[in-house]
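A.B. asks: Chains as they are written, first to last, in this note's numbering: chain A, 1 to 111; chain B, 112 to 224.
In case anyone wonders, no lab produced these hints; they're calculated from the structure.
Where is the CB? At the ideal position from N, CA and C, for every residue including glycine.
Accuracy of the hints is not assured; some may be wrong.
Under 10 Å between C-beta atoms, here's a sample of chain A residues computed to sit facing chain B [unchecked claim]: (1) Leu34; (2) Lys38; (3) Glu42; (4) Phe62; (5) Thr63; (6) His76; (7) Val78; (8) Gly96; (9) Asn97; (10) Gln98; (11) Phe99; (12) Tyr100.
Stretches of chain B that chain A covers, calculated by requiring three or more beta carbons in the stretch to come under 8 Å of a beta carbon on chain A [what the hints assert, rightly or not]: (13) 159 to 167; (14) 174 to 180.
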Amino acid sequence: DQQVKQNSPSLSVQEGRISILNCDYTNSMFDYFLWYKKYPAEGPTFLISISSIKDKNEDGRFTVFLNKSAKHLSLHIVPSQPGDSAVYFCAASDTGNQFYFGTGTSLTVIP
Amino acid sequence: DAGVTQSPTHLIKTRGQQVTLRCSPKSGHDTVSWYQQALGQGPQFIFQYYEEEERQRGNFPDRFSGHQFPNYSSELNVNALLLGDSALYLCASSNGRFAWPQHFGDGTRLSIL
Numbered sequence: 001d002q003q004v005k006q007n008s009p010s011l012s013v014q015e016g017r018i019s020i021l022n023c024d025y026t027n028s029m030f031d032y033f034l035w036y037k038k039y040p041a042e043g044p045t046f047l048i049s050i051s052s053i054k055d056k057n058e059d060g061r062f063t064v065f066l067n068k069s070a071k072h073l074s075l076h077i078v079p080s081q082p083g084d085s086a087v088y089f090c091a092a093s094d095t096g097n098q099f100y101f102g103t104g105t106s107l108t109v110i111p
Numbered sequence: 112d113a114g115v116t117q118s119p120t121h122l123i124k125t126r127g128q129q130v131t132l133r134c135s136p137k138s139g140h141d142t143v144s145w146y147q148q149a150l151g152q153g154p155q156f157i158f159q160y161y162e163e164e165e166r167q168r169g170n171f172p173d174r175f176s177g178h179q180f181p182n183y184s185s186e187l188n189v190n191a192l193l194l195g196d197s198a199l200y201l202c203a204s205s206n207g208r209f210a211w212p213q214h215f216g217d218g219t220r221l222s223i224l
């Protein structure tokens, strides 16, 4: 039973444009959300987080939006750069301890 | 500032054997979580250790056990290995009562023959 879903396995974007990665979850008790980036042969790297008391969090080129009523979050990358090409995972938790991960979206930024 | 370190990097075992994987948390972190990532999937939570005790456990059998030492480092033990245990095992560390965000090591690739 997949509690966190990333329905787009892959996404291609031109350099300089916006990348939007989406994530849906089923458990209404989830309050903590994380985005990670993963390069091959490396562990996931933490990007940005948001808790349910907010609907937006911004860090440089990365912005995460949370829509609790729709059980949906998205990661916006503006502008996209070739170095952003990686697999992106969203993760969610109710306690802040056990995180449930999606299956990832592979982002390719085309120069 | 050392990040999360895991050893070994790669490991090959046969069915029925036992394996121990090791993790040193990021400096200043006291909480260690272990995840299993199968090919093409996201990481799946195995368990979390805080103050040398298992604080939370995911849906994994008792063959998976762990330990946390006074210096916050941790071990993951898997007994009676099955072919399906082949995966990337990731360790993540965090700090304190609210164990997020979690910072990951590069993992141990375990192959079962």
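A.B. asks: So, for every hint listed, does it hold in this structure?
C.D. replies: Evaluated hints:
1. Leu34: 5 Å, holds
2. Lys38: A/Lys38 check passes; min Cβ-Cβ to chain B is 9 Å, inside 10 Å.
3. Glu42: 5 Å, holds
4. Phe62: Violated - the Cβ of A/Phe62 stays beyond 10 Å from chain B, reaching only about 13 Å at its closest.
5. Thr63: At 16 Å from the nearest chain B Cβ, A/Thr63 fails the 10 Å test, so the hint is violated.
6. His76: At about 19 Å, which exceeds the 10 Å cut-off, the nearest Cβ of chain B leaves the hint on A/His76 violated.
7. Val78: At 22 Å from the nearest chain B Cβ, A/Val78 fails the 10 Å test, so the hint is violated.
8. Gly96: For A/Gly96, the interface hint holds, since the closest Cβ of chain B sits about 5 Å away, which is under 10 Å.
9. Asn97: At 5 Å from the nearest chain B Cβ, A/Asn97 passes the 10 Å test, so the hint holds.
10. Gln98: Cβ of A/Gln98 sits 5 Å from chain B, so the hint holds.
11. Phe99: Hint on A/Phe99: holds, closest Cβ of chain B at ~6 Å, below 10 Å.
12. Tyr100: Hint on A/Tyr100: holds, closest Cβ of chain B at ~7 Å, below 10 Å.
13. 159 to 167: Held - the segment 159 to 167 of chain B has 3 residues with a Cβ nearer than 8 Å to chain A, which meets the minimum of three.
14. 174 to 180: This one is violated; 0 residues, fewer than the three required, reach chain A with a Cβ under 8 Å.
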